[in-house]
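Q: Add chain B to chain A, keeping to what the hints say.
Going down the list, the sequences are from chains A and B. Residue numbers for the first sequence follow my numbering, so the first one is 1 and each next one is one higher. Residue numbers for the second sequence follow my numbering, so the first one is 1 and each next one is one higher.
Hints listed in this document are in silico derivations from the structure and should not be mistaken for laboratory results. Note that this is a predicted model, so its numbers are computed, not measured. Treat the hints with care, since some could be wrong.
Because identical chains cannot be distinguished in the list, a pair is counted as satisfied if it fits within a single copy or across any two copies.
Below, a list of computed lysine-lysine pairs in the DSSO-like style, where the Cα atoms sit at most 30 angstroms apart [stated by the list, open to error]: (1) K483 / K169; (2) K271 / K169; (3) K170 / K119; (4) K417 / K483; (5) K483 / K447; (6) K170 / K271; (7) K117 / K292.
There are 2 protein chains.
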Amino acid sequence: MHFLPDDVTVEVEAGTNLLQAAMMAGVHINASCGGSGLCGKCRVILESGVLESEPSDRLSDEETAKGYRQACRSRVTGDVEVRVTVESQLDARALNRPRPSRNAARMAVEPGVEDLKAKGLFNPPFVKKLIRLSPPRRGDNISDLSRMINALRTQHDIHNLSVIFSVIKKLPDVAREEDFEITVTLSYRPSFVIEPENARIRLVNIQAGDHTATTYGLAVDVGTTTVFGQLLDLSTGQPLDTYGEFNRQISYGEDVITRIVVAGRPGGMEKMQGLIVETINHVLETLCLRQKVDREEICMVTLAGNTTMTQLLLGVNPRYIRLAPYVPTANFFPPIPAPSLGLNLGEHVLVHAFPSVASYVGGDIVAGLIASGVYREEPLTLYIDLGTNGEIVIGNRDWMACAACSAGPAFEGGGIKFGMRAIEGAIEDFSINPTTLEPMLLTVDLKKPKGICGSGLINTVAGLFEMGVLEANGRYNRNLSTKRLREGEDGYEYVLSWAAETEIGRDIVLTEVDVDNFIRAKGAMYAGYLTLLEAVGLSIRDLERVVIAGGFGRFVHLEKAIMIGLLPEMDLDRFTFIGNGSLLGAKLNCLSNNLRQDVTHVVNQITNFELSEVPSYMGHYVAAQFLPHTTREYFPGVMARLAETRRLIEG
Amino acid sequence: MHFLPDDVTVEVEAGTNLLQAAMMAGVHINASCGGSGLCGKCRVILESGVLESEPSDRLSDEETAKGYRQACRSRVTGDVEVRVTVESQLDARALNRPRPSRNAARMAVEPGVEDLKAKGLFNPPFVKKLIRLSPPRRGDNISDLSRMINALRTQHDIHNLSVIFSVIKKLPDVAREEDFEITVTLSYRPSFVIEPENARIRLVNIQAGDHTATTYGLAVDVGTTTVFGQLLDLSTGQPLDTYGEFNRQISYGEDVITRIVVAGRPGGMEKMQGLIVETINHVLETLCLRQKVDREEICMVTLAGNTTMTQLLLGVNPRYIRLAPYVPTANFFPPIPAPSLGLNLGEHVLVHAFPSVASYVGGDIVAGLIASGVYREEPLTLYIDLGTNGEIVIGNRDWMACAACSAGPAFEGGGIKFGMRAIEGAIEDFSINPTTLEPMLLTVDLKKPKGICGSGLINTVAGLFEMGVLEANGRYNRNLSTKRLREGEDGYEYVLSWAAETEIGRDIVLTEVDVDNFIRAKGAMYAGYLTLLEAVGLSIRDLERVVIAGGFGRFVHLEKAIMIGLLPEMDLDRFTFIGNGSLLGAKLNCLSNNLRQDVTHVVNQITNFELSEVPSYMGHYVAAQFLPHTTREYFPGVMARLAETRRLIEG
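So here's chain A without its partners, still in its complex pose (with noise of 0.2 angstroms):
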């Protein structure tokens, strides 16, 4: 679809809202209702094409009749051409510079099955097989067991296998169940728990009659805050279903810390363990309904979580976590039969949860390593997931440094006045009219607006600090005339949403206490690049890539995230976003016992690093409290073009 007056063109999906296209495209159009239709200021004139648009009571029908349509109200279903209307023209003008290729910078590389074929890695680790047994007889009167196992080795070439017991107890009304045929389920056993490798197969699950087109595995994230999983089919290795919800510990506080003290109580281990397990059964469950799919079908899970959710589920205290000197228990779990951590799953199934490195780096970021191949290449590639941790990675094949950043809750929305996780009705996303200084606002499913989540609050401080109203050292500009500038209760704000506008019925702002709060965070993300960097000798210029993990990343643009000086300053195709890299992880594990065997290795070579303790950190943590940076020659891309852009805008 093409934009007139800026003459931009974007490529969109079909039944793209046309505001989140403009959005996407760079073009400012006012909105600041968040998208929900209650403002009626994105006008937009529809040139040639065709638009899907919803009636509007803030159209008459003669307008309707001259092309005028709401942008939040049309979506795009073919080529369109459409204009923005004269009161945004200006700031089209005032921003005319190059456009980034917003496309490439968002693109996920998530491997795909036939790419885990193609490199030979796609070899799931639970294989079902088929066998028929002749039944015993006079002169031929071995053991259940033996005949079995006989019929594995002639009828499948399986040799050297070891059988649990759960097997051994149900055999024999299995086998006869229907007549002597049996479906066996082979697990071949991963490396990444605390037993060396050894490739031996181990027989976990018999099944009376032919089961072999029935085999899942599940993969689960489980986050601080949510708890994604993921139902895949084994034997073609394709994702049936991916379904999330809250973890049901937020309840009892939204961080780590608050829930290792709560475990800490009396009972409150047996608490946080109940409420995670509850969540992971439910959508498990959810996901079991949903497909069809039996829960007895389901041979393994892999989970991936951060050490103290890690260390929750498998009901093992995290008390020492968070007491200097920051103590995990064990960076390795052996596997651990699921129904005996409460899970709703078939008794043979066990548990392999990602070991962590540190008490602050946790399996997530692991399973994200594997997800993201940064151990298996080249390039000296920096990992991020931005969250409450802030953990990053550098490195590449040869060596790996961790670090866990301590960024606090901005990015999850914590600690701001308005701020908001990404849910229904948060504004996720903000440009401003250069002159006007309005906003234009789309925020989450574009309902009417609640509050700010991690991704407005990047793009909005960073739009912010573009158009000047937003100055280097986190103030508000004082000079500017906009009635949404003004003395709030808890200082100089910035008004999003007016509350007519709005769900909650208040003015949503952005105070410069927020914007502090958000500085911090950013400049403590930013400082432990340069700490972790120094500490193995190299510079930021030394970097090649950069992956960004974490569900959050899908709003955030990159320009605006290297503008407030997040994220380093580099060419914007080498910045990957593989989204929950967490629950990319897992499924990987459930995929590829060639992957399964890298994670120990992936431990192994990580050397973390307490960021407290390395003399330096303070001294960059303090120099990074400026938009974008105190040192400028970090960033010479971005003043360049904030030099620009205030050159437009002043002249």
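A: For chain B alone, coordinates are given in the frame of chain A:
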């Protein structure tokens, strides 16, 4: 001590009952009350030395002054010479024949820990080590687990170990309880579980402080009738205590077949498993109480039982063991966590059950083979377990063959009119006055007779047969004139004990029907030896050694068992009683990892024969239905002795 007029010297332990000493010496003293002091017939005269005798109302003061004593009320405390009173002299003269050394024949060879040490076989699979960890601090905040593993490496040179989950779970607290001083329990994995051996060490338990002095193991013989437990100090190798009680399943039936039937009923399996677990728990509790041992200090439990008992204990339904073609579920079972079976042991304690060879040659036999060393030595050995199943093994270190002879319950008192188990009041030993045909009875615990047990049966049938009271075809000699031989309600019978002298107030008799049942049992055994030998191309003369297992063997006189054709005729010094081979094997399993490693080998080396499927068995069985055997050439010594005895009696 010395017996007159027989001029027999016998060495006995201080405190031995004089009547029992006479029986051991082969000296007949009339005694029909089993040694309970009631009949007053067992008078002897003290010639020299001292006897500790209880006052007796069967002797006048004058008689006592003259040196008369009641043998059954007297105990030998030092060198002593006694004269058997006149009425018994005849017999002594009549039986003036070479007496075999009964001691030699009854010697049980129980390998002690010194023996194991001498052979380099003392290496218990569980060892405790004390480690001291340096507490975590800034700059050294590796996980608790890594810290412990490092300490084992640096302080004990122990590498490459795996750690079970329960240890990890309690590690943080246990480590800090005694200021980072920890006792770790290491397990060296056994090989007779399903998984192939690997030399790796497994860390299975941790305790705060120093617990290295208390490392215990439990060996259990899980018998159909009785359950024996032995508590072992694994650090010294010394058995601390042995205790047995009846298998509580007995209330549901005496033999394995009944138990299988009960287990097949709804809820029956759980009932049967619960009862045997309850029995073992009580044995365990008693041992711990008696030895003041904390149950938590028991590291391991090894069980040996027949195939049915093993499956019932593990909760694996044994129904197909009873149905042709008699299929066990498995020969090998993996180690199973003790608490999962209901055993009151630590959660880290694994149950190792001896593997079985076939449905009717179980883990108890395999344990006996390990204990007796049949599979390690050169001589061609016959291993016999005298019980209902009548398991036999023939072989040496190069090969082994086994079979179950289905002897039936006669050896345990089943199918015998006054048959009973070898408990208080059971007639267990017998001798007969060839002239008067009066018996000398010894009962268990020297109580008034209640019935006759297996060993009593063998000794009685042999005694009656030797003296011509019983003929080779199992009929009583109708020409003898004694009130003890009479026509009873079940046919001809011999009265062992008159009602007045019994506990039960009825004449205790041995009927011809009893004798027939008994001959069927002993014939089944002998036919088994011949069939098995024949199957491997050998004959009875090739046997070089016989090992007899079973608590049962305690009062069986070899020459009597040979005389009736239960045991093959050979030099008495070639027989070895090992007592409870099952318990002994279980004990060795706790003390020697080397011997543990032999178990798989033993099971795989044995070829099982189903006698019912070997055509020649029935012929051998029929031929064995005589005393000692239809083929007299198998028993030349017995035939010669019988001829001599008859000559003496008749001359």
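Q: So, for every hint listed, does it hold in this structure?
A: Against the structure, the hints come out as follows:
Within a single copy, K483 and K169 get their C-alpha atoms no closer than 76 angstroms, and across copies no closer than 59 angstroms, so neither meets the 30 angstroms cut-off. Only between protomers do K271 and K169 lie at most 30 angstroms apart by alpha-carbon distance; the minimum there is 16 angstroms, versus 33 angstroms within a single protomer. In this assembly of identical chains, the alpha carbons of K170 and K119 never lie at most 30 angstroms apart, being 39 angstroms within a copy and 42 angstroms across copies at closest. Taking CA atoms no more than 30 angstroms apart as the test, K417 paired with K483 passes inside one copy only; the shortest distance there is 19 angstroms, against 112 angstroms between copies.
Taking the shortest Cα distances, K483 and K447 sit within 30 angstroms of each other inside one copy (24 angstroms), while across copies they are farther apart (111 angstroms). Proximity of K170 to K271 under the C-alpha cut-off of 30 angstroms is restricted to the inter-copy arrangement: shortest distance 18 angstroms between copies versus 34 angstroms within a copy. Taking the shortest Cα distances, K117 and K292 sit within 30 angstroms of each other inside one copy (27 angstroms), while across copies they are farther apart (62 angstroms).
Violation of the numbered hints given earlier is confined to hints 1, 3; the remaining hints are satisfied by the structure.
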